[in-house]
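Undergrad: Since the structure of chain A is already known, use the hints to place chain B on it.
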Amino acid sequence: DQQVKQNSPSLSVQEGRISILNCDYTNSMFDYFLWYKKYPAEGPTFLISISSIKDKNEDGRFTVFLNKSAKHLSLHIVPSQPGDSAVYFCAASGLVGALIFGKGTTLSVSS
Amino acid sequence: EAEVAQSPRYKITEKSQAVAFWCDPISGHATLYWYRQILGQGPELLVQFQDESVVDDSQLPKDRFSAERLKGVDSTLKIQPAELGDSAMYLCASSPTSGGGGELFFGEGSRLTVL
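First to last, the protein sequences are chains A and B. So the first sequence is numbered by the working numbering: it starts at 188 and just counts up by one. So the second sequence is numbered by the working numbering: it starts at -19 and just counts up by one.
Treat the hints as calculated values from the structure; they're not laboratory data. Just so you know, these numbers come straight off a predicted model, no measurement behind them. Do not take every clue at face value.
Stated by the list, open to error - Cut-off 25 Å, straight-line C-alpha distance, at most; resulting in silico cross-link-like pairs (SDA-like, lysine to any residue):
{"id": "1", "chain 1": "A", "residue 1": "255", "chain 2": "A", "residue 2": "229"}
{"id": "2", "chain 1": "A", "residue 1": "192", "chain 2": "B", "residue 2": "36"}
{"id": "3", "chain 1": "A", "residue 1": "192", "chain 2": "B", "residue 2": "67"}
{"id": "4", "chain 1": "A", "residue 1": "290", "chain 2": "B", "residue 2": "37"}
{"id": "5", "chain 1": "A", "residue 1": "192", "chain 2": "A", "residue 2": "282"}
{"id": "6", "chain 1": "A", "residue 1": "241", "chain 2": "B", "residue 2": "83"}
{"id": "7", "chain 1": "A", "residue 1": "241", "chain 2": "B", "residue 2": "36"}
{"id": "8", "chain 1": "B", "residue 1": "51", "chain 2": "B", "residue 2": "32"}
{"id": "9", "chain 1": "A", "residue 1": "192", "chain 2": "B", "residue 2": "83"}
{"id": "10", "chain 1": "B", "residue 1": "51", "chain 2": "B", "residue 2": "39"}
{"id": "11", "chain 1": "B", "residue 1": "58", "chain 2": "A", "residue 2": "284"}
{"id": "12", "chain 1": "A", "residue 1": "192", "chain 2": "B", "residue 2": "24"}
{"id": "13", "chain 1": "B", "residue 1": "51", "chain 2": "A", "residue 2": "283"}
{"id": "14", "chain 1": "A", "residue 1": "255", "chain 2": "B", "residue 2": "40"}
{"id": "15", "chain 1": "A", "residue 1": "241", "chain 2": "B", "residue 2": "42"}
{"id": "16", "chain 1": "A", "residue 1": "192", "chain 2": "B", "residue 2": "40"}
{"id": "17", "chain 1": "A", "residue 1": "255", "chain 2": "B", "residue 2": "67"}
{"id": "18", "chain 1": "A", "residue 1": "241", "chain 2": "B", "residue 2": "77"}
{"id": "19", "chain 1": "A", "residue 1": "241", "chain 2": "A", "residue 2": "257"}
{"id": "20", "chain 1": "A", "residue 1": "192", "chain 2": "B", "residue 2": "32"}
{"id": "21", "chain 1": "A", "residue 1": "243", "chain 2": "B", "residue 2": "10"}
{"id": "22", "chain 1": "A", "residue 1": "241", "chain 2": "B", "residue 2": "82"}
{"id": "23", "chain 1": "B", "residue 1": "51", "chain 2": "B", "residue 2": "10"}
{"id": "24", "chain 1": "A", "residue 1": "290", "chain 2": "B", "residue 2": "63"}
{"id": "25", "chain 1": "A", "residue 1": "192", "chain 2": "B", "residue 2": "65"}
{"id": "26", "chain 1": "B", "residue 1": "42", "chain 2": "A", "residue 2": "190"}
{"id": "27", "chain 1": "B", "residue 1": "58", "chain 2": "B", "residue 2": "-1"}
{"id": "28", "chain 1": "B", "residue 1": "-9", "chain 2": "A", "residue 2": "232"}
{"id": "29", "chain 1": "A", "residue 1": "290", "chain 2": "B", "residue 2": "32"}
{"id": "30", "chain 1": "A", "residue 1": "243", "chain 2": "A", "residue 2": "293"}
{"id": "31", "chain 1": "A", "residue 1": "290", "chain 2": "B", "residue 2": "51"}
{"id": "32", "chain 1": "B", "residue 1": "-9", "chain 2": "A", "residue 2": "247"}
{"id": "33", "chain 1": "B", "residue 1": "58", "chain 2": "A", "residue 2": "229"}
{"id": "34", "chain 1": "B", "residue 1": "-9", "chain 2": "B", "residue 2": "46"}
Stated by the list, open to error - Per label pair, the in silico range of CB-to-CB distance:
{"id": "35", "chain 1": "A", "residue 1": "204", "chain 2": "B", "residue 2": "-5", "range": "42 to 48 Å"}
{"id": "36", "chain 1": "B", "residue 1": "-11", "chain 2": "A", "residue 2": "283", "range": "36 to 42 Å"}
{"id": "37", "chain 1": "B", "residue 1": "46", "chain 2": "A", "residue 2": "196", "range": "29 to 35 Å"}
{"id": "38", "chain 1": "B", "residue 1": "-6", "chain 2": "A", "residue 2": "297", "range": "26 to 32 Å"}
Glycine residues also receive a C-beta, built at the ideal position from the N, C-alpha and C atoms.
So that you can see chain B by itself, here it is in the shape it has in the complex:
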C-alpha cells in the first residue's frame, strides 16, 4: 500500500540551529500539506502546495520557516533558526484532490525536540 514517506523520524537540535524535514507524498497526489502538531493539540496547517505552487502559507512563520516543492513531487520544510517553541511533531500529508472533503493521507511524522 502506498504511503507518505517522511524523514527524519526524530530530530534533536539546539536552539538557533537549522533543521530540515523531507516528505515524499503518495505517487500522483498533487496536493501536499505540512502540519505541525504540538503535544496535546490538534494538527495545525503550516503550508499547502498544489503541484509546485503554494496555495496557502498564511500560518507559516516566514521569518524562520520555509517550504518548497520544486518539481511538484517531494517537499522540504526548513526551520532556521530553531526556537524552543518549535518542538513538535511535523506531519506531512498528501491528497489526490485539493480540498472538498478529500481524504488526507499522513506520513508517520518527524518529531523535533529543540534544546
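For reference, chain A alone in the conformation it holds in the complex:
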C-alpha cells in the first residue's frame, strides 16, 4: 500500500507559467516532506523540503505548501523554465528512518 502518492504521471506547462505538482500521503506520522528532481541517467537531486510544523517553505522559484488536514502537499514552480523539465519525486519520512518516495511526476516545460 503506497504511503506517498503522486497521482499525475505527467504535466505539461508553457515556459513562464506556473507548474503545480501534487502529492498525497496516508501516514499521519510523517514529519518531513521533501521534493527531489531527477534527470534521465542521473540520480535524484534534492530540491526543497518542509517540516510538518510549517505550511509553506519557499526557495527562489520553488515553493512547497503543506496541508496536514488533507494530507496533501504541492510544489509550485514560478516561472517555469525549459530546464525544469524532469521527473519530480515527492518523499516523506518520520523523525528517523529512510525516505519513502512517490512514483514521480514527469514535468515538461515547453518554450
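TA: Positioned in the frame of chain A, the structure of chain B alone reads:
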C-alpha cells in the same frame, strides 16, 4: 563538490548470474542507503546502514540480495542469482544524519539489465 560514487554505471547480465554494485558515500556521511528504482516507479528502500550496522533491511529480498558496509565507509550490494525482475536502477545515497528530514545525496546509479 563531494559526490556519491557508484560503479558500474551499467551492467548487463544473464539470469542466474551474480552481480555486484559498489558505492562510496560522501566522506563523513554515517548513513548509507541502497534504493531500487524500477522504470516508472519511485525509488524503494532496500537497505539502510548507520556506520557499519544495518538499520533497516526489511525490504531486502534476503534469499538473493546481500549488502555490506564492513568498515562503515563504502558499501557493496550483491545479487545472486539475478532474475529478470531485478532489472532496475540501483541507487546509493548517503546522509550526515539518520533520518529526520535530512537531505539524502544520491549517486548517479547503476543500471542493471537482466537477460
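Undergrad: Next, verify each hint and record whether it holds.
TA: Now the hints, each set against the structure:
1. Straight-line distance between C-alpha atoms of residue 255 of chain A and residue 229 of chain A comes to about 32 Å, which puts the hinted pair past the 25 Å bound.
2. At roughly 22 Å between alpha-carbon atoms, residue 192 of chain A and residue 36 of chain B fall within 25 Å of each other, so this suggested pair holds.
3. Restraint check for residue 192 of chain A and residue 67 of chain B: the C-alpha separation of about 23 Å stays at or below 25 Å, so the hint holds.
4. Note on residue 290 of chain A and residue 37 of chain B: the hinted pairing holds, with a Cα-Cα distance of about 21 Å set against a maximum of 25 Å.
5. A C-alpha spacing of about 20 Å is found between residue 192 of chain A and residue 282 of chain A, which places the hinted pair at or below 25 Å, so the restraint holds.
6. About 17 Å separates the Cα atoms of residue 241 of chain A and residue 83 of chain B, which keeps this hinted pair within 25 Å; it holds.
7. Annotation: proposed proximity of residue 241 of chain A to residue 36 of chain B is violated, straight-line Cα distance about 28 Å (limit 25 Å).
8. Of the pairs offered as hints, the one joining residue 51 of chain B and residue 32 of chain B holds, with about 6 Å between alpha carbons and a cut-off of 25 Å not exceeded.
9. Between residue 192 of chain A and residue 83 of chain B the CA atoms are separated by roughly 20 Å; this keeps the pair inside 25 Å, and the hint holds.
10. Between residue 51 of chain B and residue 39 of chain B the alpha-carbon distance is near 23 Å, which keeps this suggested pair within the 25 Å criterion.
11. Note on residue 58 of chain B and residue 284 of chain A: the hinted pairing holds, with a Cα-Cα distance of about 23 Å set against a maximum of 25 Å.
12. Between residue 192 of chain A and residue 24 of chain B the alpha-carbon distance is near 13 Å, which keeps this suggested pair within the 25 Å criterion.
13. Taken as a hint, the residue 51 of chain B and residue 283 of chain A pair is honoured in the structure, with Cα atoms around 23 Å apart against an allowance of 25 Å.
14. Distance hint between residue 255 of chain A and residue 40 of chain B is unfulfilled; the C-alpha atoms sit about 31 Å from each other, more than 25 Å.
15. For a cut-off of 25 Å, the pair hint linking residue 241 of chain A to residue 42 of chain B is broken: about 39 Å separates their Cα positions.
16. Our distance criterion of 25 Å between C-alpha atoms is met by residue 192 of chain A and residue 40 of chain B, whose separation comes to about 22 Å.
17. Taken as a hint, the residue 255 of chain A and residue 67 of chain B pair is broken in the structure, with Cα atoms around 36 Å apart against an allowance of 25 Å.
18. This hinted pair checks out: residue 241 of chain A and residue 77 of chain B have alpha carbons roughly 21 Å apart, not beyond 25 Å.
19. Note on residue 241 of chain A and residue 257 of chain A: the hinted pairing holds, with a Cα-Cα distance of about 14 Å set against a maximum of 25 Å.
20. In summary, the hint linking residue 192 of chain A to residue 32 of chain B is not supported, as the alpha carbons are separated by about 32 Å, beyond the 25 Å threshold.
21. Annotation: proposed proximity of residue 243 of chain A to residue 10 of chain B is violated, straight-line Cα distance about 30 Å (limit 25 Å).
22. Taken as a hint, the residue 241 of chain A and residue 82 of chain B pair is honoured in the structure, with Cα atoms around 16 Å apart against an allowance of 25 Å.
23. Our distance criterion of 25 Å between C-alpha atoms is met by residue 51 of chain B and residue 10 of chain B, whose separation comes to about 11 Å.
24. This hinted pair checks out: residue 290 of chain A and residue 63 of chain B have alpha carbons roughly 23 Å apart, not beyond 25 Å.
25. Simply put, residue 192 of chain A and residue 65 of chain B have alpha-carbon atoms about 23 Å apart, close enough for the 25 Å limit, and the pair holds.
26. This hinted pair checks out: residue 42 of chain B and residue 190 of chain A have alpha carbons roughly 23 Å apart, not beyond 25 Å.
27. Straight-line distance between C-alpha atoms of residue 58 of chain B and residue -1 of chain B comes to about 6 Å, which keeps the hinted pair within the 25 Å bound.
28. At roughly 23 Å between alpha-carbon atoms, residue -9 of chain B and residue 232 of chain A fall within 25 Å of each other, so this suggested pair holds.
29. Taken as a hint, the residue 290 of chain A and residue 32 of chain B pair is broken in the structure, with Cα atoms around 30 Å apart against an allowance of 25 Å.
30. Distance hint between residue 243 of chain A and residue 293 of chain A is fulfilled; the C-alpha atoms sit about 23 Å from each other, no more than 25 Å.
31. For the suggested pair residue 290 of chain A and residue 51 of chain B, the alpha carbons sit about 33 Å apart, so the restraint of at most 25 Å is broken.
32. For the suggested pair residue -9 of chain B and residue 247 of chain A, the alpha carbons sit about 39 Å apart, so the restraint of at most 25 Å is broken.
33. Simply put, residue 58 of chain B and residue 229 of chain A have alpha-carbon atoms about 21 Å apart, close enough for the 25 Å limit, and the pair holds.
34. The suggested pairing of residue -9 of chain B with residue 46 of chain B holds, with an alpha-carbon distance near 17 Å, which does not exceed 25 Å.
35. Range check, residue 204 of chain A to residue -5 of chain B: Cβ separation about 47 Å, and the 42 to 48 Å hint holds.
36. In this structure, residue -11 of chain B and residue 283 of chain A break the distance hint of 36 to 42 Å, their C-beta atoms being roughly 31 Å apart.
37. Distance hint check for residue 46 of chain B and residue 196 of chain A: the Cβ-Cβ separation is about 34 Å, which falls inside the suggested range of 29 to 35 Å.
38. The hint said 26 to 32 Å for the Cβ distance between residue -6 of chain B and residue 297 of chain A, and at roughly 42 Å that hint is violated.
Hint violations for this structure: numbers 1, 7, 14, 15, 17, 20, 21, 29, 31, 32, 36, 38, all remaining hints satisfied.
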